[in-house]
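Peer 1: Top to bottom, those sequences are chains A and B.
Okay, so the first sequence: first residue is 1 according to the numbering used here, each after it adds one.
Okay, so the second sequence: first residue is 1 according to the numbering used here, each after it adds one.
Treat each hint with caution, since some may be false.
Simulated restraints on C-beta separations [claimed, not checked]:
#	chain 1	residue 1	chain 2	residue 2	range
1	B	Gly445	A	Trp158	46 to 52 Å
2	B	Glu395	A	Glu353	24 to 30 Å
3	A	Thr239	B	Glu142	29 to 35 Å
4	A	Pro324	B	Ala220	38 to 44 Å
5	A	Pro324	B	Ala189	18 to 24 Å
6	A	Gly277	B	Thr239	43 to 49 Å
7	A	Lys116	B	Leu443	55 to 61 Å
8	A	Lys345	B	Gly139	53 to 59 Å
9	A	Asp167	B	Glu118	49 to 55 Å
10	B	Gly122	A	Ser26	25 to 31 Å
11	A	Arg45	B	Val12	36 to 42 Å
12	A	Glu353	B	Val196	34 to 40 Å
Derived pair list, reagent style DSSO-like, types lysine-lysine, alpha-carbon separation capped at 30 Å [stated by the list, open to error]:
#	chain 1	residue 1	chain 2	residue 2
13	A	Lys243	B	Lys435
14	A	Lys434	B	Lys456
15	A	Lys116	A	Lys243
16	A	Lys434	B	Lys153
17	B	Lys435	B	Lys456
18	B	Lys153	A	Lys67
19	B	Lys153	A	Lys116
20	B	Lys456	B	Lys169
Everything labelled a hint here was simulated from the structure, so no lab data went into it.
Cβ coordinates follow ideal geometry from the N, Cα and C atoms, glycine included.
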Amino acid sequence: MSKLQIPIEHEALRNGLQVIVSPDHSAPVTTVGVYYNIGFRLEPRGRSGFAHLFEHMMFQGSENAGKMMHIRLVNSSGGVLNGSTRYDVTNYFQAVPSNALERVLWLEADRMRALKVDDENLRNQRDVVKEEVRVNVLNQPYGGFPWLDLPPVANRNWANAHNFYGDFSDLDAATLADVQVFFQTYYAPNNAVLLMLGDVDPQEGFVLARRYFEGIPPNANIPRADVSEPPQTEERRATVEEKFGTLPALAIGYHAPRRRTPEWHAAAMLDQVLHGGRAGRIFRTLVLEKQLAVDTEGGIHYPMGDVFDYNGPMLMVTRILHKPEFTADQTIAAYDEIIGEVQQKGITPEELEQVKVKFRSDYYSALEGGMGGYLPRFGLMHFLACFTLFDGDPSLVNTILDGFLAATPADVQAIAQKMMVPTNRSIVLRQPVKKGGA
Amino acid sequence: MATPISGPRPSVPPALAPERAVVWPQRTVRTLANGLQVVLVESHTIPKFTAQLLFRSGNAAVAQDSPGLAEITAAVVRTGTASRTSRRIEEDLRRMGADLSTGAGADSSSISFSGLAEFADGLLELVADLAQNASFPVGEFERERRQRLDELKIERTTPGFLAGERLRKVLFGAHPYSVVAPTEEQVQAYRHEQLVDYYRQHYRPGNALLVAAGDFAAEAMLARIEKTLGAWQGARPDTVEQPEPPHLRGRRVYLVYLPDTVQTQVLVGNTAITRQHPDWLRLTLANSIFGGAFNSRLVMNIREQKGYTYSPRSSVNALRQNGYFSVHAAVRNEVVAATLTEIFYEADRMRALPVSAEELDDARNYLSGVFSLGLATQDGLAGQLATVYLNELPEDYLETYREKIRALTAEDVVAAARKYFDSANAQIVVVGDAKQVRDQAALFGDVETYDAQGNKI
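Bound conformation, chain A alone (with noise of 0.2 Å):
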């Protein structure tokens, strides 16, 4: 098995901003990113909605860079960019030719010294947002299926349990106000780190990145948001109304065990030799054999994110879309009958193996491109990033595989048995109001 290697340079410049850089001459492109330790898991209370909101507050304009500035520079640069608010980072991202390097890092320290909007802006990309909103979430069928609905019945923290999109009411509540204490609390250097990954020089890519950035002053006080989740003791249910499709859905999340430990390790192979594709036992018994779904996806942290991208309380997910001659009860029932082979039966060497092939197979692709390819090296900047931020260690992108790797067969049947017992999980019905024309 041939070991990928990916070079690795960091440094932290003496404002607290981490920088690192990924040298990859094969192609005169660079990556460049700016991740911030802030998500939509922690934003202020009563502000449903706003760490993504900002994040399109942060496109509005800077001191030296106004409305429309950054996107114009990076697209004729040659360059594409885009940005995004996750449970527990928010991010921006460019891959430019190589020559456009400098210009990207101008942008990104104007933008983390100096946001420079109106009330103006503010209402316009409150405008944007609720559109945002309908056409993901309020005017799709499923539409935010299951990652708005599950987390408000298994989470009992606001932190992890309130709608991450964001309720109008409150999205009309932000204020500037609101927009410039969040930037001068959460958008610190210190609070930051930036990737320079692909076609770059290391000691340039430092000179650079001090450049511009070091000047930019900390934030001593960077509040923590306790993210911590209650343990569950009792099985929690909801039904929510499916206004367009007519197909009945229900999703089922268990709590997760705490990243970076062995029951971590294993639950995500167990996950894989749940949901891992056509493969996977799910998918294949539910839509292959007993065919009572026409779909079925999951994964920890699905579908948002992955085993790695998140920093606190997570689910492991399953989404079911199921034929309406089955009722949900039949459909949970075939459902326990899989989870309890596993916990009975166990899974075999050769399961695992297979299993561990296709895990590390992902992970490269992932490394590579990660984002339907259009960004070459977003895993990778996404993976540093997280393993900056979360674990202070980026060298983890060329170790973490090793735990994963590590797992028994018995160590995936005890968290079975451990993790997916009716005391840890929440199940939401998607019930649809109106009736298939079957």
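Once you've looked at the hints, dock chain B against the given chain A.
Peer 2: Here is chain B on its own, set in the frame of chain A:
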């Protein structure tokens, strides 16, 4: 370690550094004795490879008999061969760390796959098995049929799908490109032997292209392909003559009524051209300025200034025998008329006035730069090569694309806009709650209303 450099922070962005040369990797192009065209490129970014086995026929080839037949054939191809059950296929893939998907569009059918380089032999053997020995188990066919019926139910509640389906019907009329999905009745009518026939006639080496990019030695990969696919036989099937799309004059509005929607899907389009057409790059550049990029006029106008929508875009869509230009935006119900007004305003501005030198330069840089991002990943390379060879574009297409884009002028942009952003004859599709949006839509042309099943109401 080093002393921080605390020099001045310029208030203007730094200029671009000198550009590094964009060099497309050498590729190995061979046509095997059985007609299979093979295109290989080495890329050692990760210890994997990615490939597409493409057949130059799809749903359009059989649309007259059975819409969607190529698609369901592709779905059943992966479910069994003479020597492997469905479960065995999926587990073989997993043990090689591989992903595989099969599918079909209007013009092609595909088996796409990727996996660890260390298992290249086994993965190619499996793909060769699917391409040559698919057994079409009856139970799997019936399961896929029921699956397709359930998927159709969901598609017909999805605004974006309904808009695209209606626009294609309007633009392409009697041409098979008008059909993007079968009806439930058509799916019910599929017969097992039709799938087998389709497979026998179209899954042939003379009709196929195999593109692969990844961590292999090209010569060794070629030998492997010879070994697994060299004995396969079958010539390219005859192509079917298709009727011409209609020549549409005047704007019309097609309202797909989806009750109780809280947003309206707007889609506007005209027929356009294939990738082989001499205007293709001109139109691509004009589209990029109009609405094809984040930094485009349409996005600036209806998103960044007016906040009507989240992700509006325009696109040029190439099919083998034709193509179309379209503009889409999902907007709040109150601003349907306002959105259409701005779309036509921006289209007409593109037609009437030359773009500035700066805007032209920005867009040329954008297209030429983004094109080279494809160099950095195995998927990017394989995708670019598939586009070139499937569409039978010139051999030097990749190498000359950037210079051709950079040679385009403001006159080229206006000429393309006048020809293809044909706002006076644009066809308008609106998917939403008729009660809330019909009056707004009717301002732009006579309205025909349909339900989600495609029935005129």
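Peer 1: Looking at the structure, which of the earlier hints fail to hold?
Peer 2: Those not satisfied are hints 2, 4, 6, 7, 8, 15, 18, 19.
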